[in-house]
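**Q** Listed below, chain by chain, are the residues.
4 protein chains.
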Amino acid sequence: MSDELKQTATDKHPGWTGAYYNEGSGPDGIFDKLKEECGVFGVYGHSEAAALSYYGLHALQHRGEESAGICASDGGSAFNYHRGMGLVKEVFTNDIMETLKGSITIGHVRYSTAGESKLANAQPLVFKYRGGDLAIATNGNITNAPEIRAELEALGSIFQTTSDTEVIAHLIARSDETDVVQALKNALNRLVGGFVFLIMTNDRMFVAADPHGLRPLVIGKLGDAYVFASETCAFETVGAQYVRDIEPGELLVLDANGLREDRYIEKKRRAICSMEYIYFARPDSDINSVNLHSSRKRMGQQLALESFVDADIVTGVPDSSISAAIGFAEQTGIPYELGLIKNKYTGRTFIQPSQELREKGVKMKLSAVRKVVEGKRVVMIDDSIVRGTTSLRIVNLLREAGATEVHVRISSPPFKNPCFYGIDTPDRKELIASAKTVEEIRQAINADSLYFLTQEGLMEAVGGNEDEKNRGMCFACFDNDYPTVLPEDAKLGCGC
Amino acid sequence: MSDELKQTATDKHPGWTGAYYNEGSGPDGIFDKLKEECGVFGVYGHSEAAALSYYGLHALQHRGEESAGICASDGGSAFNYHRGMGLVKEVFTNDIMETLKGSITIGHVRYSTAGESKLANAQPLVFKYRGGDLAIATNGNITNAPEIRAELEALGSIFQTTSDTEVIAHLIARSDETDVVQALKNALNRLVGGFVFLIMTNDRMFVAADPHGLRPLVIGKLGDAYVFASETCAFETVGAQYVRDIEPGELLVLDANGLREDRYIEKKRRAICSMEYIYFARPDSDINSVNLHSSRKRMGQQLALESFVDADIVTGVPDSSISAAIGFAEQTGIPYELGLIKNKYTGRTFIQPSQELREKGVKMKLSAVRKVVEGKRVVMIDDSIVRGTTSLRIVNLLREAGATEVHVRISSPPFKNPCFYGIDTPDRKELIASAKTVEEIRQAINADSLYFLTQEGLMEAVGGNEDEKNRGMCFACFDNDYPTVLPEDAKLGCGC
Amino acid sequence: MSDELKQTATDKHPGWTGAYYNEGSGPDGIFDKLKEECGVFGVYGHSEAAALSYYGLHALQHRGEESAGICASDGGSAFNYHRGMGLVKEVFTNDIMETLKGSITIGHVRYSTAGESKLANAQPLVFKYRGGDLAIATNGNITNAPEIRAELEALGSIFQTTSDTEVIAHLIARSDETDVVQALKNALNRLVGGFVFLIMTNDRMFVAADPHGLRPLVIGKLGDAYVFASETCAFETVGAQYVRDIEPGELLVLDANGLREDRYIEKKRRAICSMEYIYFARPDSDINSVNLHSSRKRMGQQLALESFVDADIVTGVPDSSISAAIGFAEQTGIPYELGLIKNKYTGRTFIQPSQELREKGVKMKLSAVRKVVEGKRVVMIDDSIVRGTTSLRIVNLLREAGATEVHVRISSPPFKNPCFYGIDTPDRKELIASAKTVEEIRQAINADSLYFLTQEGLMEAVGGNEDEKNRGMCFACFDNDYPTVLPEDAKLGCGC
Amino acid sequence: MSDELKQTATDKHPGWTGAYYNEGSGPDGIFDKLKEECGVFGVYGHSEAAALSYYGLHALQHRGEESAGICASDGGSAFNYHRGMGLVKEVFTNDIMETLKGSITIGHVRYSTAGESKLANAQPLVFKYRGGDLAIATNGNITNAPEIRAELEALGSIFQTTSDTEVIAHLIARSDETDVVQALKNALNRLVGGFVFLIMTNDRMFVAADPHGLRPLVIGKLGDAYVFASETCAFETVGAQYVRDIEPGELLVLDANGLREDRYIEKKRRAICSMEYIYFARPDSDINSVNLHSSRKRMGQQLALESFVDADIVTGVPDSSISAAIGFAEQTGIPYELGLIKNKYTGRTFIQPSQELREKGVKMKLSAVRKVVEGKRVVMIDDSIVRGTTSLRIVNLLREAGATEVHVRISSPPFKNPCFYGIDTPDRKELIASAKTVEEIRQAINADSLYFLTQEGLMEAVGGNEDEKNRGMCFACFDNDYPTVLPEDAKLGCGC
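Protein chains in written order, with the numbering used here: chain A, 1 to 496; chain B, 1 to 496; chain C, 1 to 496; chain D, 1 to 496.
Heads up, some of the hints might be wrong.
Repeated chains share a single entry, so a pair holds when one copy, or any two copies, can fit it.
Unchecked claim - For lysine to any residue, the following SDA-like pairs were computed, each having C-alpha atoms within a straight-line distance of at most 20 Å: (1) 363 x 239; (2) 365 x 389; (3) 365 x 94; (4) 371 x 294; (5) 365 x 345; (6) 344 x 319; (7) 221 x 388; (8) 267 x 103; (9) 365 x 319; (10) 416 x 488; (11) 101 x 309; (12) 221 x 154; (13) 363 x 305.
Hints are computed from structural coordinates only; laboratory data are not their basis.
Kindly generate the complete structure, drawing on both the sequences and the hints.
**A** Next up, the structure:
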């Protein structure tokens with residue numbers, strides 16, 4: 001085997017111990033937010049593919065701050081790739097960028113909950129098999145991965161990661177099909193869940209989405225090259241032209257003949273994740289041609305229509321709820337103010353062991369602006385409530401800063417059900433809206449009033465048309481209507 | 001002092017070469033913004049003084065991203081201190097924090113223009129002299145430092161930094177006074193300029209401001225301890241109670257007997273830097289009890305009153321002009337929209353040498369939101385125009401994204417004169433407003449219309465009362481009325 | 001899959017570029033020495049197994065400076081492991097050591113030629129298969145690995161490394177045997193080559209050697225625990241008692257019942273690598289109870305007997321030829337002197353691009369001692385000649401320092417044939433002794449005389465007894481008598 | 001000066017805590033050796049001066065492993081310099097080397113005892129004074145520095161380091177002389193102690209030695225350029241021609257007119273440090289044209305003549321006593337063997353807190369070779385005994401490895417008195433030879449016999465000629481005859 005995978009790797013934070021604030025999700029995090037699990041970016045046919053990937057992944061950094069990776073092929077017999085723990089700008093130095101030669105690249109940024117950070121799971125995953133080299137980057141979750149993995153292990157497969165993504169590589173490698181496209185189609189047909197895949201061989205690229213199109217992916221052109229990204233904001237950064245969103249069940253094949261549109265399964269009803277509209281995607285991105293800032297502003301306006309409250313100021317929880325708060329303010333005429341501020345120097349920071357200083361540590365991340373909220377009746381807009389602990393903390397910050405009333409308005413329905421399609425959510429029993437009524441939640445978060453946007457209001461705000469009702473979204477976390485069959489042992493969250 | 005010691009140091013970024021975008025000022029930076037030069041934070045009498053300093057400096061990080069330092073005294077015969085290049089969270093690891101024992105600390109964060117970063121100049125500066133140990137942290141500039149330095153050198157003094165701050169240490173050490181307070185008073189009386197000083201010995205602390213109070217500093221209490229910070233936002237973070245702003249010409253002495261209020265010179269007219277109100281200070285900070293978000297929002301409202309223009313949307317240049325933009329929108333009823341977005345993952349990033357990719361690199365930092373601005377008449381609010389290059393770039397971004405008209409409104413008067421009191425400004429000849437009329441500037445930045453807030457409007461917005469006219473601000477950069485005598489060879493910018 | 005492999009990784013040298021001297025082999029290296037490929041160290045049943053592994057691997061560091069790894073099991077459902085590029089002391093920090101909990105460990109140090117350094121190939125390799133977790137550390141080479149790999153790929157196996165070692169994991173995972181011991185025996189019987197394996201599961205350890213025992217491994221005890229190491233020097237460091245060397249074809253099984261001695265194949269004639277005696281192993285190690293310093297000193301004495309030359313001083317090429325040089329000096333009565341000195345601060349160093357300074361750069365590594373050799377007839381002892389370039393360089397160093405004659409004596413026969421059993425040798429055509437006569441080599445290296453130890457003299461020096469002739473060594477690199485069948489496409493060198 | 005500034009810095013080893021073995025001196029070190037304090041290397045008039053300095057300092061690395069620095073001048077108005085904690089090869093990356101432009105350089109490597117490592121004290125020290133820039137690198141100690149420092153502080157000088165070297169900069173800067181050469185002469189005349197100085201201004205270099213020539217410095221030429229080094233081994237590395245050793249009291253002036261030989265004081269009796277001959281200098285260096293390997297070998301021969309003992313093998317404590325051991329073996333005919341081995345991978349290593357593993361940790365550094373010493377009567381040669389703890393530990397290692405007798409022979413007289421001229425020695429009360437007889441020491445180190453070389457034997461071995469008796473060495477540590485007046489509060493050790 002004379003062809004070698006030229007891998008290198010970095011870990012920017014080898015010395016990090018537990019004594020730091022993690023901003024991540026979970027009860028120990030300061031911001032109890034849902035975490036997206038991964039962003040992908042691919043280029044086919046550009047001489048500076050790796051540099052474009054760097055820019056594109058940097059634009060998608062909010063979808064994954066834990067690790068980053070780029071795999072490139074110059075058409076030769078081995079990939080050039082690098083993966084590392086940390087931000088894109090930390091992982092990819094000049095020296096490393098110079099090694100990533102080739103006109104075909106796939107790249108990945110990955111989120112992870114604290115303690116499970118693993119360089120071994122960083123993507124793109126790279127394999128050697130009888131057909132040559134194979135690299136895979138994914139966003140989403142395969143709910144039947146445990147079943148397929150058990151089946152493969154029984155056949156003698158060995159695994160090096162805990163990532164679902166490794167499953168599809170085995171399915172391709174073990175296929176009886178000699179044509180890799182057919183092998184890939186067969187493999188994709190085995191999978192249940194919500195996912196997009198960027199897959200590359202030494203000279204081809206494949207792009208696929210699950211049958212319901214649960215996770216976002218957009219197709220663009222840059223000169224003669226094709227580019228693919230989780231969100232359109234990455235196209236703006238690299239200067240690519242948006243072409244269209246991927247279709248559910250689609251399989252795109254890119255080779256020397258250009259792009260061929262194909263599919264591995266009949267399209268089922270579109271069910272793109274509604275939390276992408278509400279919270280995850282960057283406000284300057286569009287999904288199915290709907291801009292997310294505008295969409296969120298309309299959610300705020302709708303919220304105002306549904307639940308007006310007399311108050312002195314409106315404030316949003318930064319950064320994700322600013323658009324909705326501005327919409328709410330515009331609709332009601334109540335002034336929008338900067339009542340809460342988030343320190344822009346994010347990332348892990350030192351904390352003192354003592355409880356007193358731990359509490360101060362929270363304020364390093366988020367604080368209320370006393371002069372703005374003192375003596376005021378405040379409408380506080382947030383995008384969702386997961387466990388409720390964060391909301392309570394923020395309401396209390398506002399009260400300590402002198403707010404006389406705090407009215408909480410949430411720009412989405414109550415979050416009651418866990419996600420199986422790529423979002424890292426806690427168990428149902430930890431979801432406050434699953435167990436408590438709205439009034440009980442109001443008490444738990446110490447608010448004067450609390451209102452959640454209705455599902456109808458949400459749909460209206462996103463802007464559903466008649467032909468494609470609800471813009472074909474998945475609302476399972478609100479209404480328990482999961483678009484796929486769920487195995488009993490279905491994996492929660494993200495399988496990247 | 002044009003000759004500089006070109007020291008480099010083993011810092012956080014040893015591999016960085018020129019092939020990175022610097023977000024800094026100057027013609028090579030993407031954001032041609034003025035740079036504040038330094039923030040200070042001091043604690044007297046708290047058992048966890050270093051941890052508080054860490055939190056406080058992190059809150060003041062926007063005032064200096066280049067280096068950070070903390071010096072602590074446990075009352076013994078030697079200081080415990082650490083300085084390093086990078087952000088507070090990068091410079092201070094757990095291991096280092098453990099070494100910073102003591103109940104008295106002064107801390108510093110420092111800005112610097114690219115290429116002049118020097119660990120040797122990082123503060124606090126620490127000296128040994130006949131009286132023991134001396135540490136100094138400062139914000140501002142001593143305009144007659146070259147003169148004093150020349151005088152000291154003639155007497156045989158040697159210098160290890162190019163920092164003005166070293167001058168005051170020599171003046172104290174060479175004083176005939178046996179009482180350090182009197183020696184310090186004499187030294188301060190030699191200085192001309194705008195500055196605040198935090199000075200510590202093994203068991204005392206001194207806090208001083210220039211006779212006009214050009215640079216901000218606030219006094220707070222945390223239990224029995226005293227805390228001092230460049231801005232009140234740091235008090236919010238550490239949980240301290242704001243007491244008052246420092247007075248021009250004041251000298252505070254802290255020792256075992258507590259805090260003693262003294263002064264080294266008669267107070268002159270207060271002339272606090274107006275750019276702190278317009279741009280520098282964090283929006284959740286207060287100066288002289290005026291909140292800066294509110295103040296900036298009023299600037300936007302005032303701007304709307306002075307220069308209404310019919311348009312479809314209002315957008316602000318992030319992050320500093322958001323408050324003014326919201327004020328403008330509220331006043332005019334034109335919707336506030338997110339027309340420009342800044343990537344929140346700041347810091348240096350890799351760039352490709354090719355010109356085409358360099359241009360894309362700009363969009364990694366700031367981009368226009370096509371869906372929001374396309375086909376719209378846009379009011380773009382910014383806080384100031386320095387060279388004009390950045391404004392041109394942003395106007396063009398908006399036009400390329402489809403804006404049909406771009407009306408630029410600036411929430412301050414034309415910036416015509418360089419600063420000698422701690423702000424790093426270019427030479428007068430590089431200041432576009434110094435050479436061009438408003439109409440010429442409009443053409444240069446490719447705007448459909450351009451308007452600068454009047455000085456009267458600015459004063460009104462800040463909220464001057466009668467007793468203390470104009471809140472006692474320095475407007476020299478607008479009106480050339482410098483509050484101090486300026487030596488012919490006065491040092492521009494920042495002397496930290 | 002709730003059990004996760006808790007892997008972390010470090011790369012100490014992410015920024016290294018080509019502009020450094022590599023001391024490694026190959027035409028660009030300064031010291032054109034053969035490189036051992038790997039050392040292994042295992043512990044079964046000790047509460048501080050990871051710390052012992054650290055000490056043991058540090059003692060074996062000369063066998064591999066490129067990467068280091070330790071995998072530990074605490075009997076639970078997942079391994080704790082870490083691998084990184086660099087020396088043992090660089091890869092394993094305190095923080096990382098604390099994570100390596102468990103009483104069973106295998107560890108590895110790895111050599112690699114420049115440019116092929118790959119974290120992905122760093123050992124121990126860790127896998128998940130139907131039987132649980134599997135980790136493997138190896139020293140040696142599987143000559144039929146390409147054939148087995150092709151066969152496995154045809155069956156649909158995917159590979160993540162280019163390491164031969166991955167082959168054995170697949171063979172075990174695909175076995176029809178339910179008993180892992182039998183599966184392992186079957187797998188080992190498929191392999192041809194020279195190798196030792198340390199293999200661990202969640203609660204067991206296996207130790208195996210090839211049928212000829214080509215690579216060294218020793219068995220020891222430390223209290224109730226068992227330890228395994230490539231060389232006895234590691235036992236001295238951890239305080240373990242040497243028990244015996246492993247037997248060819250042996251398979252040791254360690255589990256809750258202790259150590260069970262088994263074998264997977266009949267023992268064939270022992271053929272341990274003679275270069276271990278001549279050059280690789282540390283002088284304080286023993287192989288089959290023969291101390292290597294003593295053995296090498298006897299080689300020097302034997303050399304003196306075979307090829308006396310009248311001279312003023314004897315000097316050895318440091319560090320590996322010191323023992324032989326002392327033996328030569330003792331035998332002849334010619335004084336042993338320090339005519340050549342190697343800088344003890346090894347590792348990569350900066351070099352200037354200019355040719356003149358490149359040459360000086362060589363002297364940063366090795367220099368002749370002018371005062372010692374000036375005007376002297378020098379006998380220079382070295383252990384082997386590979387390409388001849390190094391010998392020429394050293395002879396010239398001595399001449400430039402004033403040596404009047406340089407007589408080269410080599411403590412091994414001419415090195416004519418490449419190794420297929422774990423030593424990284426160049427192609428046959430690059431081996432100077434393969435193409436040239438001794439006289440031609442003498443001219444090529446600019447020596448006054450040249451002599452190679454005879455194969456009989458070498459055997460005599462090692463101290464073969466009658467029962468086990470020649471101590472059962474492999475001399476293939478000298479006499480072309482390879483102990484195993486060699487496939488046509490047999491992999492050269494090292495397969496770790 | 002007992003009060004020290006406890007500065008830490010962002011250095012190469014930020015994560016190191018106490019839980020590592022330090023190989024340094026002191027009761028906690030494994031090797032209780034004396035530590036040299038500093039090596040210097042200077043270049044005047046070579047276009048690649050910085051690269052030469054890198055090579056030269058790397059060759060002098062054994063004189064200081066703690067920090068390294070190079071200052072360069074290209075004749076312009078500011079120096080280019082860099083200092084850092086760590087080895088030369090760690091501190092100077094390619095990027096940094098590129099910044100060190102100029103044809104005049106001085107460089108420095110520095111030793112330090114654990115806990116006092118300070119980047120602030122790293123040399124060359126660099127100052128600005130009325131005459132321009134000034135950089136200083138030194139080796140040695142100024143015994144009256146505390147007195148001068150107190151005097152300067154009384155005059156108002158401030159200090160940034162605890163280094164004696166800063167004193168001379170102040171003396172120059174405060175001089176009334178307008179001619180810097182005369183100012184320097186006056187300053188040097190104030191100093192008492194043992195030292196060499198390399199001093200540079202923007203276009204000149206000065207080289208000076210104390211009146212007794214206590215510390216070594218050699219002068220060489222490389223083409224038209226002049227080079228200066230603590231030892232000749234650095235000349236061999238850079239390819240320079242040795243010219244001569246510096247003379248006591250000499251002052252060399254280098255400027256555009258070349259080298260001018262001058263002196264600032266009458267030469268007093270030469271008294272170069274005898275420990276340089278015995279232990280410190282590299283064996284391939286020459287002092288006053290005496291090669292140190294040869295000199296040490298003669299010490300071993302002399303020791304054999306003075307104290308023959310019947311034994312089976314001779315072994316030296318590596319690395320410093322190998323030459324003496326070979327001399328002893330040659331003289332007696334007892335075979336020289338490798339009875340002790342030092343791990344060549346030096347530097348700090350992880351240790352386990354438990355006492356049992358701590359002891360094993362020692363063996364990571366040095367171990368006895370069982371097969372070599374078992375059942376043997378061993379002569380163990382060492383160069384000196386400081387506290388005795390190390391000797392006891394090594395004797396015990398030999399006994400545990402089976403030595404039946406251990407006869408210790410020391411190649412220098414008993415070390416009874418502390419050094420005030422640049423060597424870091426413990427207080428007199430910690431010096432075992434100060435308090436105990438030879439017989440008592442023998443018992444304390446558990447030896448069967450013990451002998452120290454006589455002072456006459458040492459002189460004989462070094463090779464004193466008649467004209468310059470004893471080669472003009474300082475033997476104060478043996479015979480209490482200090483060549484200079486010693487102030488009551490004279491600083492011990494090293495003042496760099």
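**Q** Give a verdict on every hint.
**A** Right, here's what the structure says about each hint:
no. : hint      : in the structure
1   : 363 x 239 : between (38 Å within a copy, 9 Å between copies)
2   : 365 x 389 : within (15 Å within a copy, 33 Å between copies)
3   : 365 x 94  : between (31 Å within a copy, 18 Å between copies)
4   : 371 x 294 : between (29 Å within a copy, 8 Å between copies)
5   : 365 x 345 : both (8 Å within a copy, 15 Å between copies)
6   : 344 x 319 : both (10 Å within a copy, 10 Å between copies)
7   : 221 x 388 : neither (43 Å within a copy, 33 Å between copies)
8   : 267 x 103 : neither (31 Å within a copy, 53 Å between copies)
9   : 365 x 319 : both (12 Å within a copy, 17 Å between copies)
10  : 416 x 488 : within (19 Å within a copy, 64 Å between copies)
11  : 101 x 309 : neither (58 Å within a copy, 51 Å between copies)
12  : 221 x 154 : neither (43 Å within a copy, 37 Å between copies)
13  : 363 x 305 : neither (33 Å within a copy, 37 Å between copies)
Of the hints listed earlier, those the structure fails to meet are numbers 7, 8, 11, 12, 13, in rising order.
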